[in-house]
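Colleague: Take these sequences, add in the hints, and give me the full structure.
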Amino acid sequence: MRGVTKEFHGNRVLNRVNLDVRPGEIHGLVGENGAGKSTLMNILFGMPVIRETGGFQGEVFLGGQQVHVKSPFEAMSLGVGMVHQEFMLLPGFNVTENIKLNREATRPNLVSRLAGERLRTLDVPPMRADARAAIDRLGLEIDEWLPVAGMPVGHMQFVEIAREIDKTGIRLLVFDEPTAVLTESEAAQMLGALKRLTAAGVGVLLITHRLEEVLEVADRITVLRDGEVVATRAPAETSLEQLAELMVGRKVERGGLPARAREPGPEDRILQVRRLTVQMPGERVRGIDLDVYRGEILGIGGLAGHGKVGIANGIMGLYPATGEISKDGRQLTPGRPREALAAGLAFLSEDRRGVGLLLDESLELNMALTAMQVKGAFLRPNPALPALSLRDERAVRSFAERMIKELDIRCRGPEQVVRRLSGGNQQKVCVARALALEPDLLLVSEPTRGIDVGAKSLVLDLLVRLNRDLGMTIIMTSSELVELQKICDRIALVYGGRLAGILPPEAPAAEFGLTMAGKRKEAS
Amino acid sequence: MALSRQPAARRIQSDVLGIVRQNAVPLLFLALGLAGVLATGMNPYFLANETINRLARNSFLVLSLLIPVTAGLGLNFGIVLGAMAGQAALIAVTHWRIPGLSGLGLALALCTPLAVGLGWFAGMILNRAKGREMITSMILGFFMNGVYQLVFLFLVGTAIPMRNPAMLLTQGVGLRNTQDLELIRWSLDRLVYWRVSGFSFPVLTLLAGAALCAVLMFLARTKLGQDFRAVGQDMHVAEVAGINVDRTRIIAVIISTTLAAWGQVIFLQNIGTLNTYNSHEQVGMFAIAALLVGGATVARATVANALVGTFLFHLLFIVSPFAGQRLLGQPQVGEYFRVFVAYGVIAVALGLHAWQKRQQVLRALARDKLAAAEVSGD
Chain W
1 MRGVTKEFHG NRVLNRVNLD VRPGEIHGLV GENGAGKSTL MNILFGMPVI
51 RETGGFQGEV FLGGQQVHVK SPFEAMSLGV GMVHQEFMLL PGFNVTENIK
101 LNREATRPNL VSRLAGERLR TLDVPPMRAD ARAAIDRLGL EIDEWLPVAG
151 MPVGHMQFVE IAREIDKTGI RLLVFDEPTA VLTESEAAQM LGALKRLTAA
201 GVGVLLITHR LEEVLEVADR ITVLRDGEVV ATRAPAETSL EQLAELMVGR
251 KVERGGLPAR AREPGPEDRI LQVRRLTVQM PGERVRGIDL DVYRGEILGI
301 GGLAGHGKVG IANGIMGLYP ATGEISKDGR QLTPGRPREA LAAGLAFLSE
351 DRRGVGLLLD ESLELNMALT AMQVKGAFLR PNPALPALSL RDERAVRSFA
401 ERMIKELDIR CRGPEQVVRR LSGGNQQKVC VARALALEPD LLLVSEPTRG
451 IDVGAKSLVL DLLVRLNRDL GMTIIMTSSE LVELQKICDR IALVYGGRLA
501 GILPPEAPAA EFGLTMAGKR KEAS
Chain V
525 MALSRQPAAR RIQSDVLGIV RQNAVPLLFL ALGLAGVLAT GMNPYFLANE
575 TINRLARNSF LVLSLLIPVT AGLGLNFGIV LGAMAGQAAL IAVTHWRIPG
625 LSGLGLALAL CTPLAVGLGW FAGMILNRAK GREMITSMIL GFFMNGVYQL
675 VFLFLVGTAI PMRNPAMLLT QGVGLRNTQD LELIRWSLDR LVYWRVSGFS
725 FPVLTLLAGA ALCAVLMFLA RTKLGQDFRA VGQDMHVAEV AGINVDRTRI
775 IAVIISTTLA AWGQVIFLQN IGTLNTYNSH EQVGMFAIAA LLVGGATVAR
825 ATVANALVGT FLFHLLFIVS PFAGQRLLGQ PQVGEYFRVF VAYGVIAVAL
875 GLHAWQKRQQ VLRALARDKL AAAEVSGD
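Just so you know, the protein sequences line up as chains W and V, in that order. So for the first sequence, the numbering used here puts the first residue at 1; every next one is plus one. So for the second sequence, the numbering used here puts the first residue at 525; every next one is plus one.
Since the hints were made in silico from the structure, they are not lab data. For glycine and all other residues, C-beta sits at the position ideal for the given N, C-alpha and C. Just to be clear, a hint being listed does not mean it is correct.
Computed footprint of chain V on chain W; a stretch qualifies when at least three of its residues, placed anywhere within it, have a C-beta under 8 angstroms from a C-beta of chain V [as the list claims (entries may be wrong)]:
no.	region
1	88-96
2	111-117
Listed next, with one range per pair, are the computed distances between beta-carbon atoms [said to hold, decoys possible]:
no.	chain 1	residue 1	chain 2	residue 2	range
3	W	L114	V	E859	43 to 49 angstroms
4	W	G58	V	V872	56 to 62 angstroms
5	W	E212	V	L552	54 to 60 angstroms
6	W	A199	V	R824	41 to 47 angstroms
7	V	Y867	W	P337	33 to 39 angstroms
From chain W, some residues computed to sit far from chain V (all C-beta separations above 12 angstroms) [as the list claims (entries may be wrong)]:
no.	residue
8	I170
9	S457
10	A507
Modeller: Structural data, given as structure tokens:
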């Protein structure tokens, strides 16, 4: 791939990226979330999303010839295969059926001669033989007749790879985080299988967060950061620390944050979390212990899919959770949002439009609704029939007007429908709603996602003001490490659904990189 | 370890328990049916003949539900559309006064293109309502019922020129409430009719059902059948593998609707009268209830489920009015009971489906909790 540049809505996510994979080579590709790895792969596979957002600049060559890949199927026919991060297997099918999915061997019968190809009978023995051959090429002991459901995760990964190599004429195989879900021995086995593949002349592009893995198996390693190739190295010329530093890169200026009357300290715990597990799809939390101190801003960071988003959602009770959560020494039942809200917690969801807002209701109602529900605020008391208390329109209006002024929400007025607001202003409405609850602990998830650059710093400033001026404790979850480093007092990093470490914001970049890659054991 | 060393008797016992648990629904209905038979003390010949008769006329309709279940569309309440197509064809044949087997054949031929069209239409709509196919197909049935009524209540005799005092209402517009299908009655059932020592068999109707079973089993072994299963398990995975998911689903609905149309024609040639505005209405409900009684679920249904279910459901249908009469002096109670059973079975099956999905999430949660406890060291 030569000089690949891609813009999304004027936002340059890839800048003149050059990447080449030789036949028989394992090429490692590493980078943080948002470094542009997936966009690069989407271009390679001709995903429709690239075309829909205006195409890309640059050229793609395969076997020395320029290609214009227009769809994933075309990529497939050119001999480019992908092993997906999430499994693309059908649980009810057995190994053979999965490997031969939509490429089944068939033989004609009486009906198919009249009614077309699709009514041909499945020819099982050759399918089975092909599957066996593909599994053998990986050097594996799996029965090709076993159902996939109930298989160990590692074996599923192998079935997926076997499917790719069963496709004839495979030349380049892309692995997206193949070992993320594997145990160590399974991962070793899997990397061994990769080497067998390259020995047969297939080029392998290995995308992973596990730096030690690439160092071990890759012939060359490319580091991508902010859409640019910052280095291509052979493993011998580099080290784990250097890679981690290259990946995270940036020096962050912190400073300019106002001082506090009283610095938070470990003696004053506001929230204590023990053995928290959260069943949030794609962001599972597998047992986390965490203490939050009164008056601090605690950051939660980590790579996508490792459970950072699940923590706040679990504490608030939005997804099924187990474990102990206590606020100011009082126990909260996991899975009860109302209880969490009543205890003085408020939550700005990462899913602003889905969970955070009633998009077709007015600004003022959005701001007041949760407080009305939970605390009975903004209601005119009706002692006879409490359930039929009426909304206090005047109180709602005056609160909304105050918030619009204080948070600088750009809108036509308190009655405007929230859907029409920009992302940054919607986020501010969420903040206002949280403030209406008068919380002492605010959980903020991805507060700057989908907001343009200018509004981002406004939102961050707002969080700092809430913390410094109102003494609100804040737990901020974000995929953007820079943000966390900018405003947090401590940054907790998660890996594989567990706590990997808590770092001060001024810790060296390499340390952040290593902790996020799960290489560093809990120190504190 | 301990499990594998348990005595043989215990193992057999647990095997039996497993079989019972897996087939809880059909066994429950078998018990209910047998209790009813014993309570009424029915004439066994009457019971057997009635059961054979109902099995013959209903199994086709129930079998028409299987393919959408395989393809992940759930229970196709939309077979009502097929039933309407079948009835429209029968009305035409009756109007033209074409008797016997040729009338029946013509009805089958006429309803086919109509049902294919309706199935295509329903499939298109269901593709836009992925994940909500069952409720959508049910509402679609209500909607098409409106179109059906418009055609046969207002357009017949006005826009559609038809003069037939025997079939039309007295003012000459709209069909009568009941249509006599005497011309084609039993044209299939009695074409080959075996009477063996008190039992009677409508051989060809039974054969038609058997043939359909064979066709369905054949389909399951083809590429198309494999695609149905793949799409049914995970549309996304199937799509990525290059299967045209939308097209496959439409084919499934078309097959189902067409089979339902034929099924309704077979059903009505046995009944002999057409309840113009009602015959089709409950076809979906009753067929689905029968399939569920046979132990099928929203996600899995086999030919055996369909046949066993039809048998058990109709056994209960035959028995319950008599049981009501005998036990409470009130046939209405039995009548009430069987309607209650039909809807109750559907409700329970849908509830069970949701419950099982939730159990999967809870099990995963329990696993994580265990892992978390290990990490914390307690």
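Colleague: Taking the hints in turn, state whether each one holds.
Modeller: Hint by hint, here is what the structure shows:
Check result for the region 88-96 of chain W against chain V: holds, 6 residues qualifying (beta carbon to beta carbon below 8 angstroms, three or more required). With 3 residues having a beta carbon nearer than 8 angstroms to a beta carbon of chain V, the region 111-117 of chain W meets the requirement of three or more and the stated coverage holds. At roughly 47 angstroms, the beta-carbon separation of L114 of chain W and E859 of chain V lies within the given 43 to 49 angstroms, and the hint holds. Checked against the given bound of 56 to 62 angstroms, the beta carbons of G58 of chain W and V872 of chain V, roughly 59 angstroms apart, stay inside it.
Look at E212 of chain W against L552 of chain V: about 57 angstroms separates their beta carbons, and that is inside 54 to 60 angstroms. Distance hint check: the CB atoms of A199 of chain W and R824 of chain V are about 43 angstroms apart, consistent with the given range 41 to 47 angstroms. Checked against the hint of 33 to 39 angstroms, the pair Y867 of chain V and P337 of chain W passes, with Cβ atoms roughly 35 angstroms apart. Non-interface status of I170 of chain W relative to chain V is upheld: no Cβ of that chain comes within 12 angstroms, the nearest being about 15 angstroms off.
No beta-carbon of chain V is positioned within 12 angstroms of the beta-carbon of S457 of chain W; the least distance is around 37 angstroms. Look at A507 of chain W: its CB is around 24 angstroms from the nearest CB on chain V, clear of 12 angstroms, so calling it non-interface holds up.
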